[in-house]
Amino acid sequence: MASVKLTIEEQRMFDGEAGEAARESMEILVALGRIYGAQRMVPVTSVQVSGVSYKTIGEAGLGYLKGLAQKGAKARVPAFLNPAGMDIAQWKEMRVPEDFARKQIEVLDAYASMGISKTCTCAPYFIGIRPKRGEHIAWAESSAVAFANSVLGARTNREGGPSALAAAICGVTPYYGLHIEKNRVASLVVDVKCGLRTIADFGALGSLVGKLAKNRNPAFHGIKKAGEPGLKVLGASMAATGSVPVFFVEGITPEYAIADKPEIIAITDKDLEAERKAIDSGLKPSLVTIGCPHASLEEIKEVAGLVAKRKPTCEFWVCTSRKLKEDADRLGYSGAISAAGGRVVADTCMVVCPLEEMGYVVTGTNSGKAAAYLPNLCKQKVAFGDLEDILYR
Amino acid sequence: MADEKTAIIGARPISRGKASGEALVSRAPIGFLGGVDPKTGTVMEKGHPLEGKNISGRVLVFPNGKGSTVGSYVMLQLAKNKKAPAAVINIGAEPIIAVGAIISRIPMVDNPEKDVFSMLRDGDLVEVDGSAGKIRILSQGTERKK
Numbered sequence: 000m001a002s003v004k005l006t007i008e009e010q011r012m013f014d015g016e017a018g019e020a021a022r023e024s025m026e027i028l029v030a031l032g033r034i035y036g037a038q039r040m041v042p043v044t045s046v047q048v049s050g051v052s053y054k055t056i057g058e059a060g061l062g063y064l065k066g067l068a069q070k071g072a073k074a075r076v077p078a079f080l081n082p083a084g085m086d087i088a089q090w091k092e093m094r095v096p097e098d099f100a101r102k103q104i105e106v107l108d109a110y111a112s113m114g115i116s117k118t119c120t121c122a123p124y125f126i127g128i129r130p131k132r133g134e135h136i137a138w139a140e141s142s143a144v145a146f147a148n149s150v151l152g153a154r155t156n157r158e159g160g161p162s163a164l165a166a167a168i169c170g171v172t173p174y175y176g177l178h179i180e181k182n183r184v185a186s187l188v189v190d191v192k193c194g195l196r197t198i199a200d201f202g203a204l205g206s207l208v209g210k211l212a213k214n215r216n217p218a219f220h221g222i223k224k225a226g227e228p229g230l231k232v233l234g235a236s237m238a239a240t241g242s243v244p245v246f247f248v249e250g251i252t253p254e255y256a257i258a259d260k261p262e263i264i265a266i267t268d269k270d271l272e273a274e275r276k277a278i279d280s281g282l283k284p285s286l287v288t289i290g291c292p293h294a295s296l297e298e299i300k301e302v303a304g305l306v307a308k309r310k311p312t313c314e315f316w317v318c319t320s321r322k323l324k325e326d327a328d329r330l331g332y333s334g335a336i337s338a339a340g341g342r343v344v345a346d347t348c349m350v351v352c353p354l355e356e357m358g359y360v361v362t363g364t365n366s367g368k369a370a371a372y373l374p375n376l377c378k379q380k381v382a383f384g385d386l387e388d389i390l391y392r
Numbered sequence: 000m001a002d003e004k005t006a007i008i009g010a011r012p013i014s015r016g017k018a019s020g021e022a023l024v025s026r027a028p029i030g031f032l033g034g035v036d037p038k039t040g041t042v043m044e045k046g047h048p049l050e051g052k053n054i055s056g057r058v059l060v061f062p063n064g065k066g067s068t069v070g071s072y073v074m075l076q077l078a079k080n081k082k083a084p085a086a087v088i089n090i091g092a093e094p095i096i097a098v099g100a101i102i103s104r105i106p107m108v109d110n111p112e113k114d115v116f117s118m119l120r121d122g123d124l125v126e127v128d129g130s131a132g133k134i135r136i137l138s139q140g141t142e143r144k145k
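Line by line, the protein sequences give chains X and L. All letters in the first sequence, in the order written, are residues 0 to 392 by numbering that gives the first Met the number 0. All letters in the second sequence, in the order written, are residues 0 to 145 by numbering that gives the first Met the number 0.
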């Protein structure tokens, strides 16, 4: 009955011969394959699971994870988590409500019992998880999906929490969409006529192009220089304002494929400035959050250097993975940041933690993604700008 | 109107199992997170065509899901509380409802070969076979005889 052709091993899982958790997971993958017209499955080398913050999945999600863990679910391929709703080590000092923390720990324990690594980062590529060009993966966090597809040239669709988890348990994902070469083309060409000097510039460009892209993949022409932090924020911001799963930058990304008769738009300095103004409330933030997506070690070092010279006039966090926080602790960056009134925060970020319950009202960011999500998800007003602006407003 | 020839409608299997119940038809998409009370099965969304109606034990017919992906988990909560729909018929399934039906053991089909919105009325007794991909109209409800 399956229009999706299964291997002997996949059929065994579908029929329940590999346990109840694998049966249910394979049924999910087959159903998604049917919905999206996949003809077969493809093995994946890694899986990033979303649906980790208790704030987003709630009691219903926790119930599902506990049930799956009880059925003996185990990941067959390397799998790791998206950020949680709090820093696992510092939640008390950060005024995270205790009942929230207890539930969050239950979520993490359920995942851990399935053999899923508690890395809790949206930037796994900064801690050595870097699939190669053409490698099939199943990643779920939208900015990590954009980075893996675009900057690394790996292949993944935008997975949801349950579909990524099912891929981890079965080791395969339906073969459709961005797994297939011919679908990896751009039908919107962005002629970049504006300067891109700071992370906030990449954030504003992404915020703007995401809105214009609608369901199209964009290709950028005219970006002369872009490091991984800039590309990270560009992709994250487009994914947030426009669900963009892949983009190309001429001369920089491994792939650059344009469809026949693409629409071409130009972005000037004036356009970029207008977008920066549109997403900035102009208010002075009570908290500045840096690292959306999670900061690289170089970005943490930069912030440490900046705030050591001049103490910011507000509270600030640098969000990163647990592993890079440990590196930053060892290298003295965390010390310099806390001496200036800031904090290096691991495992979580400003978007998935309960900011609104922690007493914050105006939050500063240089990321177009955070600027897009903070108003709705955390009921925050946004101060958007370069670090030198928002830290000292 | 359903006659002998139209009583069985082919569809695409999405979630395995067979169940029957009275149809509850909505031409508007349904979002489960915030849209349906997981404790009672009552549709809470303001202005929704099914607002105030209860989906428990019904064969729920609607075009597709909408809203938060957490909706899948709300369907599981409904099942645990024994308030879930008996079966689901979608026009074009998307991942929220498909995943929700599978993890909640709710038989589901989509892509029916015929226009179920014109053939089915609230209260019609319908059987959904999510393994074979079939919808059977067992009998017409009392509502349409009025």
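It should be emphasised that the hints constitute simulated quantities derived from the structure, not laboratory data. Possibly wrong hints are sitting among the right ones.
Under the rule of at most 27 Å between Cα atoms (straight-line distance), these lysine-lysine pairs were calculated in the DSS-like manner [to be verified]: (1) K210/X to K38/L; (2) K82/L to K65/X; (3) K81/L to K65/X; (4) K181/X to K102/X; (5) K102/X to K17/L; (6) K79/L to K65/X; (7) K102/X to K82/L; (8) K81/L to K102/X; (9) K82/L to K70/X; (10) K65/L to K378/X; (11) K38/L to K70/X; (12) K38/L to K213/X; (13) K45/L to K378/X; (14) K79/L to K70/X; (15) K70/X to K45/L; (16) K70/X to K81/L.
Label-pair distances were calculated between CB atoms; the ranges are [what the hints assert, rightly or not]: (17) G91/L to K378/X: 29 to 35 Å; (18) T6/X to L124/L: 36 to 42 Å; (19) M43/L to D190/X: 43 to 49 Å; (20) K52/L to Y255/X: 31 to 37 Å; (21) L124/L to I264/X: 54 to 60 Å; (22) G304/X to M43/L: 48 to 54 Å; (23) K310/X to G51/L: 56 to 62 Å; (24) E355/X to K52/L: 32 to 38 Å; (25) T141/L to E180/X: 52 to 58 Å; (26) I87/X to M43/L: 51 to 57 Å; (27) E356/X to K52/L: 32 to 38 Å; (28) G91/L to T6/X: 23 to 29 Å.
To give a feel for the contact side, a few chain L residues facing chain X, derived at Cβ under 7 Å [said to hold, decoys possible]: (29) G16; (30) V69; (31) S71; (32) V73; (33) L75; (34) I90; (35) A92; (36) F116; (37) S117; (38) M118; (39) L124.
Quick reminder that beta carbons are idealized off the backbone N, C-alpha and C, glycines included.
Now for the hints, and whether the structure bears them out:
Using a Cα cut-off of 27 Å, the hinted pair K210/X and K38/L is violated, with the two alpha carbons roughly 38 Å apart. Straight-line distance between C-alpha atoms of K82/L and K65/X comes to about 20 Å, which keeps the hinted pair within the 27 Å bound. Restraint check for K81/L and K65/X: satisfied, since their Cα atoms lie roughly 19 Å apart, inside the 27 Å limit. Distance check on the hinted pair: K181/X and K102/X sit about 43 Å apart at the alpha-carbon level, beyond 27 Å; violated.
This hinted pair does not check out: K102/X and K17/L have alpha carbons roughly 35 Å apart, beyond 27 Å. Proximity of K79/L to K65/X is assessed by CA-CA distance (about 13 Å); at most 27 Å being required, the pair is judged to hold. Under the criterion of a C-alpha separation no larger than 27 Å, the hint pairing K102/X with K82/L is consistent with the structure, at around 25 Å. Between K81/L and K102/X the CA atoms are separated by roughly 24 Å; this keeps the pair inside 27 Å, and the hint holds.
A C-alpha spacing of about 23 Å is found between K82/L and K70/X, which places the hinted pair at or below 27 Å, so the restraint holds. Between the alpha carbons of K65/L and K378/X the distance comes to roughly 22 Å, so the proposed pair stays at or under 27 Å and holds. Taken as a hint, the K38/L and K70/X pair is honoured in the structure, with Cα atoms around 24 Å apart against an allowance of 27 Å. At most 27 Å may separate the alpha-carbon atoms for a hinted pair to count; K38/L and K213/X exceed this at roughly 37 Å.
Between K45/L and K378/X, the direct Cα distance comes to roughly 22 Å. Compliance with the 27 Å bound is thereby established for this hinted pair. With a CA separation close to 16 Å, the supplied pair K79/L and K70/X stays within the 27 Å bound. For the hint pairing K70/X with K45/L, the CA-to-CA distance comes to about 37 Å; that exceeds 27 Å, so the pair is violated. For the hint pairing K70/X with K81/L, the CA-to-CA distance comes to about 20 Å; that is within 27 Å, so the pair holds.
Distance hint check for G91/L and K378/X: the Cβ-Cβ separation is about 34 Å, which falls inside the suggested range of 29 to 35 Å. Evaluation of the 36 to 42 Å hint for T6/X and L124/L yields a pass: the beta carbon distance comes to about 40 Å. At about 48 Å, the beta-carbon gap between M43/L and D190/X stays in the expected band of 43 to 49 Å. For the pair K52/L and Y255/X, the beta carbons lie near 52 Å from each other, so the given range of 31 to 37 Å is not met.
For the pair L124/L and I264/X, the beta carbons lie near 55 Å from each other, so the given range of 54 to 60 Å is met. For the hinted restraint 48 to 54 Å between G304/X and M43/L, the CB-CB distance of approximately 52 Å keeps it satisfied. At about 57 Å, the CB distance of K310/X to G51/L agrees with the hint of 56 to 62 Å. Look at E355/X against K52/L: about 33 Å separates their beta carbons, and that is inside 32 to 38 Å.
In this structure the supplied range 52 to 58 Å holds for T141/L paired with E180/X, their Cβ-Cβ distance being about 56 Å. With their beta carbons about 35 Å apart, I87/X and M43/L fall outside the hinted range of 51 to 57 Å. The hinted window of 32 to 38 Å between E356/X and K52/L holds, with their beta carbons roughly 34 Å apart. Remark: the range hint 23 to 29 Å for G91/L to T6/X is upheld by a beta-carbon distance near 28 Å.
Taking 7 Å as the C-beta cut-off, the interface hint given for G16/L is violated, the closest approach to chain X being about 10 Å. Interface restraint check for V69/L: the shortest CB-CB distance to chain X comes to about 6 Å, inside 7 Å, so the restraint holds. Checking S71/L against chain X by beta carbon gives a least distance of about 6 Å; that is within 7 Å, so the hint holds. Evaluation of the V73/L hint against chain X yields a held restraint, the C-beta minimum of about 5 Å falling below 7 Å.
Hint on L75/L holds. Least Cβ distance to chain X is approximately 5 Å, under the 7 Å limit. The restraint placing I90/L at the interface with chain X is violated, with a minimum CB-CB distance near 12 Å, outside the 7 Å limit. Nearest Cβ of chain X to the Cβ of A92/L: about 5 Å, under the 7 Å cut. The hint holds. Residue-level restraint check for F116/L is violated (minimum Cβ-Cβ distance to chain X is 20 Å; threshold 7 Å).
Given hint, S117/L at the interface with chain X, is violated; its Cβ is 24 Å from that chain's nearest Cβ, farther than 7 Å. At about 23 Å, the closest approach between the beta carbon of M118/L and any beta carbon in chain X exceeds 7 Å, and the interface hint on this residue is violated. Against a cut-off of 7 Å between C-beta atoms, the interface hint on L124/L is violated, since the closest Cβ of chain X lies about 25 Å away.
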